[in-house]
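Q: What follows is the residue order along each chain.
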Amino acid sequence: MQHYTGGLPPDSEAAPSTHKLVRWLGAVSAAILRKSADLFRIAGALKVPLKRDAQPGVRTCSGAGFCFSEAHMGSIGHVTPQRMQFTQPLPLRGGGALPAYELVYETYGKLNAQRNNAVLVCHALNASHHVAGTYEGQTKSVGWWDNLVGPGKPLDTQSFFVIGVNNLGSCFGSTGPMHPNPDPKAGGRAYGADFPVLTVQDWVDSQARLMDALGITQLAAVIGGSLGGMQALDWSLRYPERLRQCIAIAAAPNLSAQNIAFNEVARRAIVTDPDFHGGHFYEHGTLPRRGLRVARMIGHITYLSDDAMDAKFGRELKHNALSYSTQNIEFQIEGYLRHQGDKFSEYFDANTYLLITRALDYFDPAQEHGGSLTRAFAVARSKFQLVSFTTDWRFPPERSREIVKALVDNGLDASYAEIVAPHGHDAFLLDDPRYHGVLRACFANIATALT
Amino acid sequence: MSTRQDMELIAELVAPGSRVLDLGCGRGELLALLRDQRQCGGYGIEIADANVLACVQRGVNVIQLNLEEGLALFEDQSFDVVLQLDTLQNLRNTEKMLRETARVGRIGLVSFPNFAYWANRLSVLLGRMPVTKQLPFEWYNTPNIRVGTYVDLERLARKNGLRVLDSFGIQAGQVVRTLPNLRASVAVFKFDRG
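Chains as they are written, first to last, in our numbering: chain A, 41 to 491; chain B, 111 to 304.
These are computed hints drawn from the structure, not numbers from a lab. Computed from a predicted model, the values in this text were never measured in an experiment. Hints may be right or wrong, so weigh each one.
Said to hold, decoys possible - No more than 20 Å apart at the CA atoms, straight line, and that leaves these computed lysine to any residue pairs for SDA-like:
| hint | chain 1 | residue 1 | chain 2 | residue 2 |
| --- | --- | --- | --- | --- |
| 1 | B | K300 | B | Q284 |
| 2 | A | K445 | B | K300 |
| 3 | A | K445 | B | R216 |
Just chain B, with the same shape it has in the complex (with noise of 0.2 Å):
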């Protein structure tokens, strides 16, 4: 999650009331958020110990899992909501992992990074991989294994059975419906299993 601004974005995805599941919730503010403006409940999955810890002192829920290691712990459809946001693409299984989000929520929210925006374009046509305020890393130092983009996501998405029920995408906090793969730097998609 970038700034307050996109996660504000994301929140009014989430119906008021729902049971949610933020896998990679970092310090959980998206939680707290959730908790203290929508009144949702549920549990945030976070594998470092300082995320967890500041979960803890947030008063959010969280388990130490490694998202690597799936969602066994889940059972299908038990939640209203799966968030997967700024996660997808520094997981080995992608792939696995969008089948699980749809598998233990009844509806899935993804977001992304979009290496097809206008700018990480010009920067890799110049011979460059981008490195910008939504990619902050150099090649060599990225979390991000998994390099994608708004359109291949669709094309998962696709691939997987999946249903998009909503996506678009966001540049600088706005929300972004016209040319997204182009114009925006991250990605969001709400999908169910159709």
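Isolated chain A, as found in the complex (with noise of 0.2 Å):
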């Protein structure tokens, strides 16, 4: 069995490889999960203050070399989620608004006294704003980009105010269809599918609230991967002025419709689970664990190359012969989907997974544009940072030029990186070093400019 040269994210879109790995990651992200919620549930507390002493190399020197030898590449250390509530409706794209909402985030380095050096990290489907990192007492509760953002890392948290926030909807702790539904008429049920249908224009403008509420004016950067990507390049259409640089990676300016019918069959998948219950499975004590597996399962196929996927596992046999049966696994990449659906279906909700699904159908900022992603970049300030993979199929390099087109089209101060990699879509999680290179460069720039 081949491995992969880069380092596996523990909360990859798909997760890592090999077989003892995805057990031991199993076990672990859905303890961290299943932790990490719970913790949010006792924070009674508004602002639960993150731990700063957290960060080796930052008080520790002065000489500045040194101190860079010492913090580099280190790790974020110990690091708490802390939750805001907003009393404020948000109003929806879809009609009609969200009456009161929280937002779990966290947050690592420190914010300087021109409060300009804050950094805005976006996710994707089923990632978090738990994005560096780990939690105290859980050593393998790293953060979904940890290799991105530390103290020496490319987003180095020397320089930045990085913050990492749970979109609306999630299931990681911001308010979502598993939470109360507030509308007296629901009886105090969860919401369940009456959540309101969400677009990443909601998310966005939700994360401008809480950079009000931070005190933010102006970021530094936001940068984001596929979904989180989308959400970076609405920032920089939806409020120009509020970012100096926009970095996405691995994304599209909208869904292909083969894009669509890939989320298409996953939610069928859930929906026609009798589990289900319309949406409202959580009062009848069940969860619609088939229909996520599958959803989970044909998403995996995605994020993933077809290489990839033939390096890993090949035609490799589960047992020593075939067992000539229908039913039973006989190819070790069916037993790698099964436990990758497994895992995904007892820690992720089902509605969330549709809700988020949705936001990403919806997304296409040229629609209002008469189909033109150049007019809809006209109103564009900031800077762009672009980065594809040759093997993503999903959100594939011809996606992102044609980003690059409308950005050049309106004279923008903008670079794309086109990285030959293996891994398919999920590269943007990993550590390939022309990756990181690029990131870590475009990062010292906003940081010297910061001086």
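Could you fit the two chains together into a complex? Lean on the hints.
A: And the structure:
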């Protein structure tokens, strides 16, 4: 069996390879997610302070060169999620409003006196606010983009104040479909399927309110991969004066018919599961696990490249010989996918999956401009850094080039790196040196401009 | 681009404040020079990872693309100047790229090694392909798949209906206007669509 050379993130959209690792990560991430969800419930205070003493190198040295080597590629250490309540209703693109809500977020590094060194990290489908660091007492609870964010890392927390926020509708702490519906008619039941359908724009609006509450008028950068990249792009279009740099990785200006088709298969798998109960499964004390498993399996296939899957599994058999059964696992890839599905169905919420895939489907900033992405980006003011990966067939390089064209047509400052990587869409979570080199350089320039 | 001096000679051909597209921008030195000394904005196109990184480090806009795939990303006449320096001889579709340069830019600026430079001629006369400062490769490992001369480019430009606005040679950092095909190792052409 072949292994990747790159590091494997614990919360990858399609989680890592090899069976030992898979089992290990499966157990660990499910535990982390359960525990962190508990943590949020327990944390009654409005804001739980982050443990800032967890950053090695920040305070312990004065000589800059020495300091850097000590802190180089260090971990952010222990982090603690915080939560913020919002009582002003959030108007939604699909009509109506979310009356009141909470956002869970984490911050790393220090906001400087000028309040201009904040970087917002937007998450993709199944990630969360837990971008970097670990939770105390849970050594394996590493954040999903820990290889990028930390002291001495490309997004250096010694220079930047980094904010990870959990999006509305998620199942990792911010207000979502599993929380009580405040509508009196709901009689205290969970929102379930009645949770309003959200869009990327709604998320960005809620993030902007969080920035208001944190006293951040303008972000040094907004960064995200995949669906997170779409949020970063939306920031540049709808809050053009509120960010100086937009970094969109493995992103697309909208979903293709094939993308939407994959999402629809996933949604049908969930909705047609008898345990779904029209989205109100919470009160039936059950989970639509079968649907979620299939949804995850189909999604997972699309996050990896054909070559990557072939390199990992090929036609390797589960057992020494074929059993000539249509039901048993014959090939390793089947076992791997089933395992991924099982794991996912235990920690991810079915309604959240439906909401997030729909937000992906709806994103299309060109639509309001007669289909012209160039016209859509006419309002943008920030600098842009785009990155794509050659084997990403979910959001392939051509899709990033469409964005590049719109930026160039508008004469915006923009750079684009097309990374030759074998891993498919999930490459954005790995630490390829060419990819991270570009991001490191990009952030170094932003940091230089701060001083 | 061979030397800093050559680069500065080329930079002088770019009007201050121009919107520039640099095809095969390398490590972005010329774009940085044009930005810092001539207030030019624009983009570089580069294929090599290391060069793309160097450009980002310099704070120069760079777009990672293979020039062999053409310039479909760019609209007609969308740049004041399109630079194609020391790149044309590396491309398979040389003629198409010359046309593309003229399509995208109001002015095209091309430089390439002149194989008719006297030292190159002498080398061939003595039975060997030239290996010089400007052409540092052996025949078997050169990236220069198009071997042309100053006069050849003039003819190619004419064949494609391009109007040569200026042309000269560069030898050892000096402009050569007399017998450039013989006396200069680098040929420079400035042209438009006529």
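Q: For every hint, state whether the structure bears it out.
A: Hints, one by one, checked against the model:
no.	hint	verdict
1	B/K300 x B/Q284	holds, 17 Å
2	A/K445 x B/K300	violated, 26 Å
3	A/K445 x B/R216	holds, 19 Å
Hint violations for this structure: number 2 only, all remaining hints satisfied.
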